[in-house]
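Could you slot chain B onto chain A? The hints should help.
Each chain is listed here by its residues.
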Amino acid sequence: MNPFSSGTCLRDMIRAIRACKTSAEERAVVRKECAAIRASINEDDQDYRHRNLAKLMFIQMLGYPTHFGQMECLKLIASAGFPEKRIGYLGLMLLLDERQEVLMLVTNSLKQDLNHSNQYIVGLALCALGNICSAEMARDLAPEVERLLQFRDPNIRKKAALCSIRIIKKVPALAENFINCAASLLKEKHHGVLITGVQLCADLCKVSSEALEYFRKKCTEGLVRTLRDIVNSPYSPEYDISGITDPYLHIRLLKLLRILGQGDADASDRMTDILAQVATKTESNKNAGNAILYECVETIMSIEDDGGLRVLAINILGKFLSNRDNNIRYVALNMLMRATTLDAQAVQRHRATILDCVKDSDASIRKRALDLLYLLVNDNNVKPLIKELIEYLEVSDQEFKGDLTAKICSLVEKFSSEKIWYIDQMLKVLSEAGNFVKDEVWHALIVVISNASDLHGYTVRALYRAFLTSTEQETLVRVAVWCIGEYGDMLVNNVGMLDIEDPITVTECDAVDAVEVAIKRHTSDLTTKAMALIALLKLSSRFPSYSERIKDIIVQNKGNVVLELQQRSIEFNRILQKHPKFRSALVERMPVLDEATFSGRRAGSLPTAISTSSGAPSNLPNGIAKPATAPIPDLLDLSSDDVPAPSSSGGDFLQDLLGVDLSPTPAPSGADMPPKASTDVLLDLLSIGMPLPVQTGLSASDILSSSQDDKAPFVNFNGLASLSSLSANATSPANAAPMMDLLDGRGPGPQKSEENGQAYPSLVAYESSSLRVMFNFSKQRGSPQTTLIQATFTNLSSNVYNDFLFQAAVPKFLQLHLDPASSNTLPASGDGSITQNLKVTNSQHGKKSLVMRVRIAYKTNNKDVLEERQINNFPQNL
Amino acid sequence: FQIHFVLLISRQGKVRLTKWYSTYSKKERSKVLRELSGVILTRGPRLCNFVEWRGLKVVYKRYASLYFCMCIDPDGNELEILEIIHHYVEVLDRYFGSVCELDLIYNFHKAYYILDEILISGELQESSKRTVVRSVAAQDSLVEAAKEQTGSTISNIIAHAAK
Chain A
291 MNPFSSGTCL
301 RDMIRAIRAC
311 KTSAEERAVV
321 RKECAAIRAS
331 INEDDQDYRH
341 RNLAKLMFIQ
351 MLGYPTHFGQ
361 MECLKLIASA
371 GFPEKRIGYL
381 GLMLLLDERQ
391 EVLMLVTNSL
401 KQDLNHSNQY
411 IVGLALCALG
421 NICSAEMARD
431 LAPEVERLLQ
441 FRDPNIRKKA
451 ALCSIRIIKK
461 VPALAENFIN
471 CAASLLKEKH
481 HGVLITGVQL
491 CADLCKVSSE
501 ALEYFRKKCT
511 EGLVRTLRDI
521 VNSPYSPEYD
531 ISGITDPYLH
541 IRLLKLLRIL
551 GQGDADASDR
561 MTDILAQVAT
571 KTESNKNAGN
581 AILYECVETI
591 MSIEDDGGLR
601 VLAINILGKF
611 LSNRDNNIRY
621 VALNMLMRAT
631 TLDAQAVQRH
641 RATILDCVKD
651 SDASIRKRAL
661 DLLYLLVNDN
671 NVKPLIKELI
681 EYLEVSDQEF
691 KGDLTAKICS
701 LVEKFSSEKI
711 WYIDQMLKVL
721 SEAGNFVKDE
731 VWHALIVVIS
741 NASDLHGYTV
751 RALYRAFLTS
761 TEQETLVRVA
771 VWCIGEYGDM
781 LVNNVGMLDI
791 EDPITVTECD
801 AVDAVEVAIK
811 RHTSDLTTKA
821 MALIALLKLS
831 SRFPSYSERI
841 KDIIVQNKGN
851 VVLELQQRSI
861 EFNRILQKHP
871 KFRSALVERM
881 PVLDEATFSG
891 RRAGSLPTAI
901 STSSGAPSNL
911 PNGIAKPATA
921 PIPDLLDLSS
931 DDVPAPSSSG
941 GDFLQDLLGV
951 DLSPTPAPSG
961 ADMPPKASTD
971 VLLDLLSIGM
981 PLPVQTGLSA
991 SDILSSSQDD
1001 KAPFVNFNGL
1011 ASLSSLSANA
1021 TSPANAAPMM
1031 DLLDGRGPGP
1041 QKSEENGQAY
1051 PSLVAYESSS
1061 LRVMFNFSKQ
1071 RGSPQTTLIQ
1081 ATFTNLSSNV
1091 YNDFLFQAAV
1101 PKFLQLHLDP
1111 ASSNTLPASG
1121 DGSITQNLKV
1131 TNSQHGKKSL
1141 VMRVRIAYKT
1151 NNKDVLEERQ
1161 INNFPQNL
Chain B
46 FQIHFVLLIS
56 RQGKVRLTKW
66 YSTYSKKERS
76 KVLRELSGVI
86 LTRGPRLCNF
96 VEWRGLKVVY
106 KRYASLYFCM
116 CIDPDGNELE
126 ILEIIHHYVE
136 VLDRYFGSVC
146 ELDLIYNFHK
156 AYYILDEILI
166 SGELQESSKR
176 TVVRSVAAQD
186 SLVEAAKEQT
196 GSTISNIIAH
206 AAK
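If you're matching them up, the sequences are chains A and B in order. Under the numbering used here, the first sequence has 1119 at position 829, and the numbering climbs by one with no breaks. Under the numbering used here, the second sequence has 168 at position 123, and the numbering climbs by one with no breaks.
Excised from the complex, chain A in its bound form (with noise of 0.2 Å):
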């Protein structure tokens, strides 16, 4: 041992570390250790610096901040002799990444040890570069690179070959410069330079058609040349592996042969004897050709072929499926799936097998098999499958019961011949795992029971039974409960009966009672417990004689502390109390829902609903945290929307439907209204979707629609803030500010100018040639200290950005808040941009201004970009 040496050795350290017994001991050693490190590299010790490197890299691994060693590593790779140069190195590799700019600074270095004389100096290098180069690096250092494709010593050529991977993945405008070195490394006799060569190939096709083009012609004749070779190759103890000379170099074969043959016909032609060769000479006992044939089958699937080796491909995949070892059976189903697109017959034969491996013990295996055997079903298999799976829905593991209900809903959507058939499988589906089913399926079993009205009384006794039995299902019970609702009168006096249905009595009583529980079970959230108040002022007019009860089971929920809640538990009451004479007509039953209209939303809100719902749960400004459920998404989706027809119940049925109306649109909609104005602002209050007696001014749906577009209607409503800003409060966060803006500006009680929105410009946060970031500012009523930015992002280059990601800091009198953008892939030329909302909250306020750091990353034409700016131009007082 050195005997200067102060501290431990790595291997005492180590030894520390492993002898501790809490988490608490092992920091303290770990901290006591990068204490003494930091002091060695203050004093910019030499003589322990590769020491010093070593213990981080290994403090590094067992989760703890190392930044601080990153400089060491430069200065390791920087000194003359090997071993620093190799520990230096590695550290580059494990301390730092790509993103990082100290990376830069080791270009330098890099460059003159490519060029260094001690080929392992090469090595070194050529494999940091490999591992961790940027798109800067890639254009600084390709040439290098490429000369070294053609020195002398092989292990340099293949190490060289994966380095050109990582330089044309990230710069795929460098590629053209590599086609000719890889060419001739493909009649290289060196395994590794084959190898790596025949990788560089296959990466070269995906980047560049020329490379492509240029393969397929000069190479595809030697390389199924050297296929042929290395399949019949002797025995070669080097590369041997159960019996078969080098899968690797067979697999990366076959890989390239599939690339360069894909599309064309004639390079197919001149591969197919050698894939028949492989097919069936290829041993498939043993892991390694089981490895060769499942390449060789993906290969046969993906070029261009008359058919007869695809039968060869599809028999070696039955082959695998009846293979006890799971994962040959995994990759069967696999590589099944692509099968079914070519050859579904062929797989439909192997349709028992698949569905027992839906109830296999393994996930993995029961996810592939659910996946493939999804596309097998059609119309003549679709009734006893379903079966099965309903069956085993019944038994699965809780895990696997999610992706097993969507599937099985999706497929009894696709294919439901009968009504009575989907609406019975629907209900089984809610019965077992009502919690598992999404929102816009229960939804849809709504619009079809609507539009079934033969199997209206069969439905709502349905709903009952089972509601009995399975309260703890979420879905179950909004279904139940929307359909006692509707249809309580036909539950009571068993209103057409069907022949297969056995007698139920319910009573009016009884079906209070089921709505009653509903309201009061524990689990139910928001949107089931406001569905269950509107049941119930329906079945107050379908069960007079139990409207006093009904009416007190309403009052209870007056003081509710969710405020929608409350807010509709006094709106009923009044109802009943005040006006007796609308009740009946207020509560009728639901016009049918429009299928069309349902579908059509369905299909084109779909992303925008998935978009909003994948949010943090939103925090709403009067306190109630409100959990992402259906309606925001739906009232979000319906204001993007195109403006629907204003017929009550097309657009806007699903809030109807739900009855959870948290939009702003009741109030307005009144105004334009004065006639009617009593009972309109009623009905639109309750969103009851009945067809208003007149169809008078805008619909509801109308309004909130184009206050997306232009916020000039809104202003004249101005009376009426005080009602909407009630309901506004509940308006999600990804609108939150325009909304907020709008309300500030006719809000009741005395304002200050400064809260008003008008009074900020927009600013221009940021502008490169490539990209724009606009900045809106609004202020939240009653909190000078807040501001809310909306960021607009404009892409002005003629490439799509993807990845796109903002990030922002703020000093620390300020509280920075971001939302989740609205996307994360900005059109190109401008056509669309991404909008993300930000919350800043200064407690400075008035003494200090806003500023802002701000980082923009995305990708380009598949090269990260950074851009990022200082932001000290916001408007004062904010």
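Be aware that one or more of the hints could be misleading.
EDC-like cross-link-like pairs, simulated, lysine to aspartate or glutamate; straight-line CA separation at most 20 Å [unchecked claim]:
{"#": "1", "chain 1": "A", "residue 1": "Lys-691", "chain 2": "A", "residue 2": "Glu-762"}
{"#": "2", "chain 1": "A", "residue 1": "Lys-810", "chain 2": "A", "residue 2": "Glu-762"}
{"#": "3", "chain 1": "B", "residue 1": "Lys-174", "chain 2": "A", "residue 2": "Asp-443"}
{"#": "4", "chain 1": "B", "residue 1": "Lys-64", "chain 2": "A", "residue 2": "Asp-387"}
{"#": "5", "chain 1": "A", "residue 1": "Lys-508", "chain 2": "A", "residue 2": "Glu-594"}
{"#": "6", "chain 1": "A", "residue 1": "Lys-460", "chain 2": "B", "residue 2": "Asp-118"}
FYI, nobody ran anything at the bench for these hints, they're computed from the structure.
Then chain B, alone, in the frame of chain A:
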């Protein structure tokens, strides 16, 4: 890249080696480690060696107390990855001489040096175990030679100081 990352995790959930070929931030890295050790360590025996995870696939294999995991694209060849894992294990075994977890803890840097001779940028570099071991051994001897040189200079200094 064919392989997005390589992980070695002990049965107790301790991380023994991580190598990232695709870009993951610090935060993402620790999340990946947490999530995957949860999934893989709890999988029962005799199940298949593949786990579908975040749209990718993780191929793993247990050798004694260590799980070797490699993450690939969904259309990658899982069976081949199993072979690559085994290839790495065999090289480790040759290099250390019946390797055990302790070897990889105290000589973790050696495990990385060997991996760097097998994979670059997530692609296979060398299919011959002998070539890999030779190359690592040649570099080790360069380090030894350098050490002896500095060792002798230091003893010279000590000798001077003692005078």
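* Within 20 Å, alpha carbon to alpha carbon, are Lys-64/B and Asp-387/A? -> 11 Å, holds
* Asked: Within 20 Å, alpha carbon to alpha carbon, are Lys-460/A and Asp-118/B?
  -> 18 Å, holds
* 20 Å Cα cutoff - pair Lys-508/A, Glu-594/A -> Between Lys-508/A and Glu-594/A the Cα gap is close to 19 Å, so the pair holds against 20 Å.
* Asked: Does Lys-691/A pair with Glu-762/A here, judged by a C-alpha cut-off of 20 Å?
  -> Answer holds: Lys-691/A to Glu-762/A is near 15 Å, not above 20 Å.
* To do: Sort out whether Asp-443/A lies within 20 Å of Lys-174/B, counting only the CA atoms.
  => 18 Å, holds
* **Proposed proximity, Glu-762/A with Lys-810/A (alpha carbon, max 20 Å)** => 12 Å, holds
The structure fails none of the hints (numbered hints given earlier).
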